[in-house]
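Residue numbers are given in our numbering: position 181 of the sequence shown equals residue 1208, and the series is strictly consecutive.
Please note that the accuracy of each hint is not assured.
What the hints assert, rightly or not - Simulated pairs of lysine-lysine, DSSO-like, Cα-Cα distance not exceeding 27 Å:
#1 K1168 / K1378
#2 K1294 / K1279
#3 K1176 / K1205
#4 K1168 / K1279
#5 K1168 / K1294
#6 K1174 / K1294
#7 K1325 / K1205
#8 K1205 / K1174
#9 K1378 / K1176
Hints listed in this document are in silico derivations from the structure and should not be mistaken for laboratory results.
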Amino acid sequence: MISTAVLTHTTAFVVPVRTPKPSSVNRNARKTLSSAVRPQATRLSNKSIPSRSRIQSGRMISFSCTSMANVATSEATLAECKQACADMIKSANCAPIMVRLAWHDSGNYDASSGTGGANGSIRFDLEMAHGGNAGLPLALKLLTPIKNKFPEVGYADLFQMASATAIEVCGGPLIDMKYGRNDAESEAAVPVDGRLPSAGPPFQQATGSDPATEAKDQSPTGHLRRVFGRMGLSDEAIVALSGAHTLGRAFKNRSGAAPLESTKFTKDGPGTKGGQSWTEEWLVFDNRYFTMLLEAEKGTCDPELLQLVTDNCLLTDPAFRPYVDLYAADQGAFFTAYATAHKALSECGSKFA
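Build the full structure now, drawing on both the sequences and the hints.
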């Protein structure tokens, strides 16, 4: 909770972010950002995060917050908190796990029962022990100093802020985030385990009173639609959100989905060494995930890059495939769709003050 005195509208504002002048890095293997999305995709610089386009110093990051009676204080606090998140993410090279933490906090939402969602309940031991949350205590540890510095920013807001900021730090689109979520107060708000997406079969039902029950439909497309449809998200959102696999890695000791413990792209980190990534430069947010899928279909993809059955099914499903082709060809279209889907996911189940 930021304040209890709430007005009835939202205020949008931009915050200048202090960034050093970066050096340009040639990345012939990737498409450059289109001029239509370049202002959105300008990244916060860090020498350990690869760059595919020139970075403008003094960029602006924007977000909206529920307007408070003391607007100046709430805006300043959120701006300072977001800058702290950006600094931490650049220093720790931890963008992927910040995205994963927020997604798992919101991704257990059930629209039919109104339970779960982005309420900060993942901070409780009961929920953190859910099978899909392996490795996420590290994300909480990284955010603890920021939470201590900004106690008036709720857990639910902080998790979602760190996720959206991580996307921006890695060169992705600015996301029009809304803040002022009510935090879950106890473990009573933790939903039943089994609602989060699985990397591979056997796929669970993911819906109803016993979501961990093995589903009759074991197709990966059916699984994706059960999980995201339960939250009220569309096929377009499923494909756009899948594109976030351009960031990060899978680990055998977490999801168990990665067949390789390490690759030439991950063996030296940064951060934790090893794991298997979907893209060569897994700290850069762009449309490489989709071009990688098309290469995999042709048999020209690097064999050390990861493709799960829930990735490859996007190529074979007639409703999913057009979005894959579109986003592979047009990074601007992907950024636009992704920002919309990320915002929707970040508000699933949230109750705003």
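Do the hints match the structure? See the list:
Proximity of K1168 to K1378 is assessed by CA-CA distance (about 25 Å); at most 27 Å being required, the pair is judged to hold. As the CA atoms of K1294 and K1279 are separated by approximately 14 Å, the hinted pair is consistent with the 27 Å bound. Restraint check: the Cα-Cα separation between K1176 and K1205 comes to about 21 Å, which is no more than 27 Å; the hinted pair holds. Of the pairs offered as hints, the one joining K1168 and K1279 holds, with about 22 Å between alpha carbons and a cut-off of 27 Å not exceeded.
A hinted pair counts as satisfied when its Cα atoms are at most 27 Å apart, and K1168 with K1294 qualifies at roughly 24 Å. Straight-line distance between C-alpha atoms of K1174 and K1294 comes to about 32 Å, which puts the hinted pair past the 27 Å bound. Restraint check for K1325 and K1205: not satisfied, since their Cα atoms lie roughly 41 Å apart, outside the 27 Å limit. For the given pair, K1205 sits about 18 Å from K1174 by alpha-carbon distance, which is consistent with the 27 Å threshold.
A threshold of 27 Å between alpha carbons decides the hint, and for K1378 with K1176 the separation of about 24 Å falls inside it, so the pair holds.
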